[in-house]
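Chain C is fixed; fit chain A onto it per the hints.
For reference, the chains in residue letters:
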Amino acid sequence: MTPSARHRVDPAGLAIAAILLALALLVFWDTSRLELNAVYGVGPRAMPYLVAGGLAVLALGNAVLAFQGALPARESIDFTALLLILGGLAALIALIGLGGGFIPATAVLFAAVATAFGRRAILTDLLIGLGLGLATYLLFAKLLALTLPVGPLERLL
Amino acid sequence: MDTFASLAQGLAVAVQPMNLMFALVGVLLGTAVGVLPGIGPALTVALLLPITFKLDPAGSIIMFAGIYYGGMYGGSTTAILINTPGESASLATALEGNKMAKAGRGGPALATAAIGSFVAGTLATLGIAFLAPYLVEIAIAFGPEDYFALMCLAFVTVSATFGASPVRGLTSLFLGLLLGLVGIDLLTGQARLTFGVPELVDGVEVTTLAVGLFAIGEALYVATRRHHHEEVLEPVRGSLWMTREDWSRSWKPWLRGVAFGFPIGALPAGGAEIPTFLSYSTEKRLTKYPEQFGHGAIEGVAGPEAANNASAAGTLVPLLTLGLPTSATAAMMLAGFQQYGLNPGPLLFAEKPDLVWGLIASLFIANVMLLVLNLPLVGLWVRLLAIPQPWLYAGILVFAAMGTIAANPSVVELVMLGVFGVLGYLMRRFDYPIAPVVVGLILGPVAESQLRRALQISLGDPWALVQSPIAATLFAITAVALVAPFVMQGLGRFRADED
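First to last, the sequence lines map onto chains C and A. Counting from 1, one number per residue, gives the positions in the first sequence under this note's numbering. Counting from 1, one number per residue, gives the positions in the second sequence under this note's numbering.
Treat the hints with care, since some could be wrong.
[To be verified] Where chain A lies over chain C, by a calculated footprint (3+ residues, C-beta under 8 Å): (1) 26-35; (2) 47-53; (3) 149-155.
Don't read these hints as lab results, they were simulated from the structure. Where is the CB? At the ideal position from N, CA and C, for every residue including glycine.
Chain C with its partners taken away, still in its complex shape (with noise of 0.2 Å):
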């Protein structure tokens, strides 16, 4: 490979095409540990070849398309706004797995996510949310009678 042509190979494009043969063979090998009786036509592996083939042919084109540099031009990133919004969730994840209950865990997902934008008012942010987690919660718990996670301040409503 002459230089130039290495300069325009775009890692990131390999990394998906790797990802995603990765995926043809996590497919291909949860298919071959089923266990089948006989059936007529064609089983429930069928199908699971098929994906598991097209996604090895793309990951093919994708590393293709790679090598080619064909890849659109990317911005630089936030990484901070970025770990702040999945951060978020895996807080409101945690409260709702803990038993901390809706509204709580709303109030920490609405906080975080608008940190990431830009806010710099934690506190009325956290305030907000709260207001918003209760106001939702009443309107589809209460009287669209949805079930929502309960924690010690869902109770007391």
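Same frame as chain C, but now just chain A:
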């Protein structure tokens, strides 16, 4: 004529006071959510699905009709006033509409979009009413191999033929098909790709995938590149009303927009971009004021907006008659039907004519409501646009999480929401279309069961798949549709239907 009787029967269902109220609520919610920047019609439907969980099927499907059309209206308002098309089908509207708003002609731009949408919606809904019974008759004759072939065609056209890059579109589609494999195989009871996680046994929830990809993915994408762009909201200045000249320049583009939008939407190909861009370039060629194009020509709003709405209504034809969703929004509508165990297709027309025709009649009513509500209330919707971005996205994420956990009270579901959010972010960053993932997830299992049914009948002989003339023809078109984009790179100008 049969259609009139059925339509009258549907109208009788739709004008029941409860159903009128459902339509009104749907229209209001659809517009309110659709107008928010970054939320297109598919996400609007996905976010509002949980609200209808506890309603009866007829009422909630009528509400859906309202949400669907309302989301379309709301989206065009966003495109005109902040130049942030929530979906690529609004790109053309944003092109001219935002220029008009900047020049102080935001009112007429919104008006021609609203009235054009009304004209298009009404004509296209009439089209549905007349075309659907014929398609149903054809569809009744379809065997499983024909359905399988039709789905293969839809897969290819949705992901490869009209996308920016066939390889990327197919990659998206196969990710969707992969997700569709997860769960219990209905015919043999075997668990596939569940890895011992009990929550995965029932498969991947369509709403979780759509909300993750669209809402969380979009929030991550916008947040991480916020420092590159600032959105500017154009205030609506001057008169809302269209002048006589505006009218005379608008009505022909509306009708031409419908002529482009409805047939292309009704084909099992999906994509509102092609008709909107065809309409835009046609209006640009036919106009008496070519110098205004690019600086706010009203024809450039009227035509594409009508084309967009007509094609959105057109996608309801394959959805209702064949159970074939060809856009992310249609896939969400299908998820709404499936929530009640209803499977759109010829059988639904026979078994639940009240429901289907009630839905079609409600589309007319929703359209009238939107026209009446939107012109006077546009000021109210504009105020929604002014919600500060941090609170807007924080609110969207709260509702996304709420809808997900309400649909399936399990932490695993929320983890999946987050994972799909990251996937949606990466797909946006690397420019993979998103709609094919949703279509793949929802159509993949259906295609598999049709394939297996076909091969069961033929005792495993794969040649049976192409012995039916319908299937053979459809497979041939599929092959052409798959190869064509590689041959004619020119088609790559059009982006895949995406939200």
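Here's how the hints hold up against the structure:
Using a Cβ-Cβ cut-off of 8 Å, 6 residues of the stretch 26-35 of chain C lie near chain A, which meets the minimum of three, so the contact claim holds. Counting residues of the stretch 47-53 of chain C whose CB falls under 8 Å from any CB of chain A gives 3; the rule of at least 3 is met. Counting residues of the stretch 149-155 of chain C whose beta-carbon sits less than 8 Å from any beta-carbon of chain A gives 1, not enough to reach three: the coverage restraint is violated.
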